[in-house]
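For the sequence shown, counting from 1, position 94 maps to 94 in full-length UniProt numbering; every step adds exactly one.
Worth flagging that the hints you see were computed from the coordinates, not collected in a lab. Just so it is clear, the structure is predicted and the values come from calculations on it, not from any experiment.
Below are the DSSO-like pairs computed for lysine-lysine, each with C-alpha atoms no more than 27 Å apart in a straight line: (1) K57 - K212; (2) K185 - K155; (3) K185 - K212; (4) K155 - K120; (5) K120 - K212; (6) K212 - K155.
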Amino acid sequence: MTKQPAELALLAESGRLLASVFALLDRTPLAGLSTLAVDELVERFIVDELEARPASKGQYGYGFVLNASVNDVVCHGVPSRSVVLRDGDIVNFDITLEKNGYIADSSKTYLVGAVNPAAKRLVQATYEAMWQGIRAVRPGAHLGDIGFAIERHAKRNGYSVVREYCGHGIGRSMHEEPQILHFGKPGTGLTLRESMVFTIEPMLNRGRRSVKTEADGWTVVTRDGSLSAQFEHTVAVTASGVAVLTLRPDERAPA
1 MTKQPAELAL LAESGRLLAS VFALLDRTPL AGLSTLAVDE LVERFIVDEL
51 EARPASKGQY GYGFVLNASV NDVVCHGVPS RSVVLRDGDI VNFDITLEKN
101 GYIADSSKTY LVGAVNPAAK RLVQATYEAM WQGIRAVRPG AHLGDIGFAI
151 ERHAKRNGYS VVREYCGHGI GRSMHEEPQI LHFGKPGTGL TLRESMVFTI
201 EPMLNRGRRS VKTEADGWTV VTRDGSLSAQ FEHTVAVTAS GVAVLTLRPD
251 ERAPA
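Taking the hints into account, I'd like the entire structure generated from these sequences.
The following block contains the structure:
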């Protein structure tokens, strides 16, 4: 579960490269692009510019580089030429990258054009909830502390936390132990140790937390049609707290 110093250095390099993928998306006008066009853009950048591997492509039989989850899609949205991003949409891009045998995983929900205030509030609260979870990470803390911090922030803002999907350990494999739930009780669950590496990736719904999987076997949507947002970072437990391995160049933790 814990990583050696050389492994942590390689994971940090994968995380840095993945952060640059999101920097590319940050400067890309999304309105009018299909989600498949975004997938193709990201694949070219990872393969040609970063000389890395998009780790999601081929994983579990998945045929694409990223998940593109628009509006009421909670996660695992499949890129499509027919899904075109429009003014007012919110879209989460969930991307993995492997370099030198080690994988980083991160996601960000983007506001496309002029987004209504209710959607903006959901996206901001989800981002803050992820950071509440990250702030709970330190040696001697418990997994339940992370989940509790996330769910408390969500509930305070009037949102529900999806329970069917969670964060996970990561390293040479995309999904390793432990599972990182986004709800929980303080002081419960596995005790965190220095050099553990895992993802924190809460999904918050504007309505109820119930979800369903569509006929394609991948796309997960809210049962009530409400909006959903997600953010994700790969983090490492350090001697004094936490390091965010996928921190983006212009990103700062919210106050």
